[in-house]
Structure formats: structure tokens, C-alpha cells
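Protein chains in written order, with numbering that gives the first Met the number 0: chain A, 0 to 372; chain B, 0 to 285.
Any given hint could turn out to be false.
To give an idea of the interface, some chain B residues facing chain A are shown, with a C-beta separation under 7 angstroms as derived from the structure [as the list claims (entries may be wrong)]: (1) Thr131; (2) Tyr133; (3) Leu139; (4) Pro141; (5) Asn230; (6) Asn231; (7) Leu232; (8) Pro233; (9) Tyr234; (10) Lys235; (11) Ser248; (12) His279.
Some chain B residues flagged as far from chain A (calculated, every beta-carbon gap over 10 angstroms) [what the hints assert, rightly or not]: (13) Thr98; (14) Asp105; (15) Thr186; (16) Ala261; (17) Leu272.
What the hints contain is simulated information worked out from the structure, not anything from laboratory work.
All C-beta atoms, glycine included, are put in the ideal place defined by N, C-alpha and C.
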Amino acid sequence: MRFFSSLIRGSIALGIAGALVLSPALLGEAGATTSTVNVVGYSVAGLGIRALEAAFQGTPAGANVTFNNTFGASDTMTTNVANGQAADFVNLSYSPNLTTLVGAGKVPANWASQELTVGGVNVNLTGNKQQTVYNTPGILTDSAVVFVVRQGNPLKIKNWADLVKPGVQIVTPNPTSSGSARWNLLAAYTAQIALKKTSHQAIDYLKKLLSNVVAQPTSGSLSMSAFVAGTGNVLLAYEDDAKAAIAAGNNIQFITPPQTMLIENPAALTTTGLANPAAVAFYKYAFSKAGQVILAGLGYRPVLKSIATITASSFTNFTKKNSLLRVTDINKNGWTSANLQFFSPTVTFPAGNTTYPRFGIVTYLEQFVGSNG
Amino acid sequence: MAVTANYQESTKSRLLLPKERQSRFVISPVKGVARGAAVTFLSLVVLIPFAALITNAFNGGVSGFWNAVTAKESLHAIGLTFFCAALGSALNSAAGLATAWVLVRDRFWGQGLLNALIDLPFALPTVVAGVTLYTLYGPLSPIHLSLTGTWIGITLAIMFVTLPFTVRAVQPVLETMTFTAQAAAATLGASPIRIFRTITLPALAPALLAGTGLAFARSIGEYGSVVFISNNLPYKTELASSYIFSLTSSSQNTAASAASLALLVVAMALLGLFSVLSYHFSRGNR
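Take these sequences, add in the hints, and give me the full structure.
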């Protein structure tokens, strides 16, 4: 009796497993002419990418294209793709993620030039090609670091100095897994430099800021969820994520600090993506005027100059001196050096100094604040 | 699981000893195939990944392993994980015993429904459990009980996901238990507490330990249900699973494997201890 019942259970389990294994194959067969594009993106990219996909499917090039989406913390997504997760089109938080994918052999080293070769966008402002706002090749969307506060701004948060006051509870993602977290902390540091502070004073500022942090969710979008669910009273976030959360009806508002950082989110076709005509067409669409208008409508700053001009009224402008800082302001090598300087897992001090690390500043400060705060 | 198996085997092998002994010498082809399949399956699913984990953990040599495990953030995360897991599964063993007792020994309206509800935490994706607990015990708690970012909140989440283990382990034993010895003790004037302590509890102990062991093992690896409610603050409320996740995210695979291995070794040592205790109790019963 027991034997039979376990036999029956066993066959049912096998049947279900078999169906699960076979179903994608069967479904694939049903629409033989469709092609699939695997998209992997940082958590906050989800909104924009999904809208782009829906619009793209309405064009002749995208009529028979289906998408497989994965969105999550940028470093996590990068590691997954480097370890073999299928990806044709990647949209990540910051360019070191693409450097990692180049190292893993998943993305060609000249990925940034796909903007010109595939997208027809010329960053060098010549010829009849589309032109970009900030001249950084391979970037799909721009954004800025903003402060998200409760409706009415009860703590009257205006600038970076307000964030380190006692009683301020900050939510910012965990820099070990999130790209958004890294943009936020770099913005905080660079703003201090722009305010004529020394590098040591800027590190001291970061220390104070981190000791006011009450939650470090694993990704940018989970940080937004935690903030909306009531955690903390200031959230450091992407401007586009703040706009999306407000549009979704949450009782929050955002403040653009007097000094903030230009966020540049790169996108690229992987080697498999370059061989997939549907992925190539989608890339082209994302960088086209139509694609950029969709992104701008959702709060991402468009990279195309023509679209940025049309949509300028819906974005805070950064005409004041030092109002928009760039990674290259702290280090002329940009992210390559900044990543090591701030987020290296190994902390190294210059000779005769044990307070201000040369590498792994944030790693060290997290430990310091965690053990002494 | 190992604990239950041991217990059952120890009673079973007494009954089946002659046949078992026979089969040790004459392996029928069917049994040979079955054994081969079992070993292959176990290798693919458990042994090979485990071996890979060990290899990865020692990629940086013994000192690399040691440094990764004893890094302050790692020690803190592992310590907090064990504390909350131990507390959660201990509380659950008491609560689970009481629940199983009520389900088996009592008859009341809605009992069937309650019995079915016990398995709900298993059926629910842990992330959903995490979000639910966050809304219920978060800063905007409708019952004004904010437990986010505290060890109490983490323990609560652990108790939620591991509740079925003890209940489901103890329930069958309680169902088959004849209460004649207890009745005899009562006629001899033993107090209910004494009867429970000296007769009922020792008989339930192996199952109870098995359930608690499973709950404990499950809680140290718990991620989805605790990652929100913990607030994930490094050196403060970050748990081992989340710490390991962060390490793999930033390509620190050796450190991640080392921390996982440390977690696993301590967990296995504790499960071994439970197994020994369970064996001790089941022998004592005979």
C-alpha cells in the first residue's frame, strides 16, 4: 500500500518536473517566428526598460520580440551575468559593472562605442548624428542623487549639512551590492570637496553621514520600498526613482541638494546580444529619439541633446556653478580609481596614518561606525 | 532530517535485523541499481556542490579562509544569525509542542483549518513572508509595534518560517502515543508536571529535538523573510545570509564561501549534538 502511494506520488512529481522542463520548449515552438531578448538591469531601471520594451513591441522591428527581464542590485546582476546568466542587453548602474563584464568576456571591450556603431549616436558632436548632453559614450540614461523626504519636509532638509544633524535617520542601499549606494556616497563626498572642504574633512563628513544611516537594503529599489514603508526620514536615491515613487502616489517629496552628482547609467549589448538581431534593434530603439522620449517621461534624464532640450522644463536645471558634480571631479580616472579608493574590500592606509584610508574609505568607515556607533 | 531517520532506523533495524543481514551479502541487481541511483543523485545534489564550496573557501589558503571568517563584519553577522536562530528555534520548540498537543489531544471547532494553516509558512515564498512581516511590524505598523532593525524582529521572522518543523515532527508521535503509563503514574499520585517531565517529555524528546534541529538549520540560512525586517545594517543587524549575498554580489567569492563554510560547520556540529541527544533519549525509552 505504502509502496503504491509513494509510486503514485513519485510519478506525479516526475510529471510536474517534466512539464516544467518541457514547457519553455513547447511554448517556444508555438510561436516559431518570435525572437527573445534577455535583458538584465539594475533595480531602478525596471520601470524605464519595461516601458521601452512595450513601445518597441509596437514598432515593426519589435513586433515578434519577447523579453526575458531580470532586475536587481547592480553588482548582483553583474556577478550573475559574469557567472553565465543569459543576457543580450544589459543596463547597469555604473560603468565599473561593465568593466567587470568585459573582464569576464561577456561584453566587448569597446562596448561604449556601440552607441555610435549600433545606436547611431555620436558623442563627439560631429556630422548629422544625434548628439549627447554630457559626452560620455555608452550611457543610456542620466540622473542625479536626490534627498527623498516625507511630504511637507518636516525636518526641513535642504542640503548635505542637514543630513548629519542628530535625529536624522537616513536610508541608503548597501554599497557592497548596490550601484545606487555607491553613487550616493560619492555624491556626499564630492559635494564636500565642492564646498571647499579638504579630503580629510570630507571623509569625516562621510563618517557622520554613515552613523545616521538606519537601514541599508540590498538595492536601490528595496531602499525606496523600505522608506515608503516608513523606515527613516531621508532616503538617498536616484532622481528618477524619486519621481516614479511620487507618481505612484506615495506621500513623499524630493529635494535636489545644491551640490549633487551626475549619475550615468551605462547600457550595452553583450557578445550574444550583438549576434541577436532583435537585441540590436532594441538597443537602437533605446538610444533613438522615441526611446529617449519614453525614458524622459518616466523621470530618467535623456542623454540625447535634442530630447533633453525639449524636456528640460520637467527637470531641475544645473546651471549654477558646482551644482552638478561628476566622478571625474574627485579623480580624473573617474570610476576606475574612485571605486578602489572608496569601495575596495581591503582597507589600505598611507604611511603614518590610520584614520584616513587611501583605499577602501567606505569599507573602513562602515566598520568604524558599526563598531563604535 | 538525519535525526528522525536515526530514530526510525534504530527501532526498525531491531525488527528487520535478520533480513538486513542477509541482504548485505546478496545484492540483487535491482538493489544495486537503486543504490547506484541514490549515490549518483546524492553526489549531484549535495556532495559535488559541497565539495565545490570547500574548494572555493580555501582558494586563498588556510590564512585566507581564517581572515575571511574572522573579519569583524563576518563574525558579527554569523554571531547574530546563531543567536536569533537558536532563540527562534528554542521558542518554537516550546510553542510547537504546545500547538501539536492541542491539535492532537483536543477537539474543537476549526481544528482542521488550524491544522492546515500550520503549513502555510512553508507554502509562502519567504520574500512574501518578509514583506508581510515588514508591513505588520514595520515603522507604520497597524498595531503600533515596530520591530524593524531589532533582534526581536529577526527572531520573530525566523519563528514564523520555522513554525511547521516542530509541530509536524511532534504530531505523529503524539498521535500514536498511548497514555497508559501516564495514567498509571497518575493513580500512583504523581503530579501532572512530574508525569509530563518524567514520562511524556522523554518519549517526545527525539521528535522534538529532530524538529528543533531542522528549524535551527533552516533559520541560519534564512534570507527572504529576514532581509527586510533586519534593515540589513552592517555590523549591527546584518545577518550571515545577507552578508554572504553581499560578498557574492561584489565578486568576493572566496570570502563568501569561507563564511558559508563556517556557518555550515557550526550548524552541522549542533545538528550532530542534537542527534546524539536524540539517540540518548530514544535508548532511554526502551
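Each hint, compared with the structure:
With a least beta-carbon distance of about 12 angstroms to chain A, the hint placing Thr131/B at the interface is violated under the 7 angstroms criterion. With a cut of 7 angstroms, the hint placing Tyr133/B at the interface with chain A holds, because the nearest CB-to-CB distance is about 6 angstroms. With 7 angstroms as the threshold, the beta carbon of Leu139/B comes within range of chain A, its nearest partner Cβ sitting at about 4 angstroms, so the hint holds. Proximity of Pro141/B to chain A is violated relative to the hint, the smallest CB-CB distance being about 11 angstroms (cut-off 7 angstroms).
Given the 7 angstroms rule on beta carbons, the hint for Asn230/B holds: about 4 angstroms separates it from the nearest Cβ of chain A. Because the smallest distance between the Cβ of Asn231/B and any Cβ of chain A comes to about 5 angstroms, under 7 angstroms, the interface hint for this residue holds. For the restraint placing Leu232/B at the interface with chain A, the shortest Cβ-Cβ distance is roughly 6 angstroms, inside the 7 angstroms limit, so the hint holds. With its C-beta approaching chain A no nearer than about 5 angstroms, Pro233/B sits inside the 7 angstroms limit, and its interface hint holds.
The beta carbon of Tyr234/B is positioned within 7 angstroms of a beta carbon in chain A (closest approach about 2 angstroms), and the interface hint is therefore held. The criterion of a C-beta within 7 angstroms of any C-beta in chain A is met by Lys235/B, whose closest approach is roughly 6 angstroms, and the hint holds. Look at Ser248/B: its Cβ gets to within about 4 angstroms of chain A, closer than 7 angstroms, so that hint holds up. Evaluation of the His279/B hint against chain A yields a violated restraint, the C-beta minimum of about 30 angstroms exceeding 7 angstroms.
Consistency note on Thr98/B: stated as away from chain A, and its beta-carbon is indeed over 10 angstroms from all of that chain's, at 26 angstroms minimum. A cut-off of 10 angstroms between C-beta atoms confirms that Asp105/B is not in contact with chain A; the least separation is 29 angstroms. A cut-off of 10 angstroms between C-beta atoms confirms that Thr186/B is not in contact with chain A; the least separation is 38 angstroms. At roughly 18 angstroms, the least C-beta separation between Ala261/B and chain A is larger than 10 angstroms, which holds for a residue marked as non-interface.
Look at Leu272/B: its CB is around 31 angstroms from the nearest CB on chain A, clear of 10 angstroms, so calling it non-interface holds up.
Hint check: violations occur at hints 1, 4 and 12; the rest are consistent with the structure.
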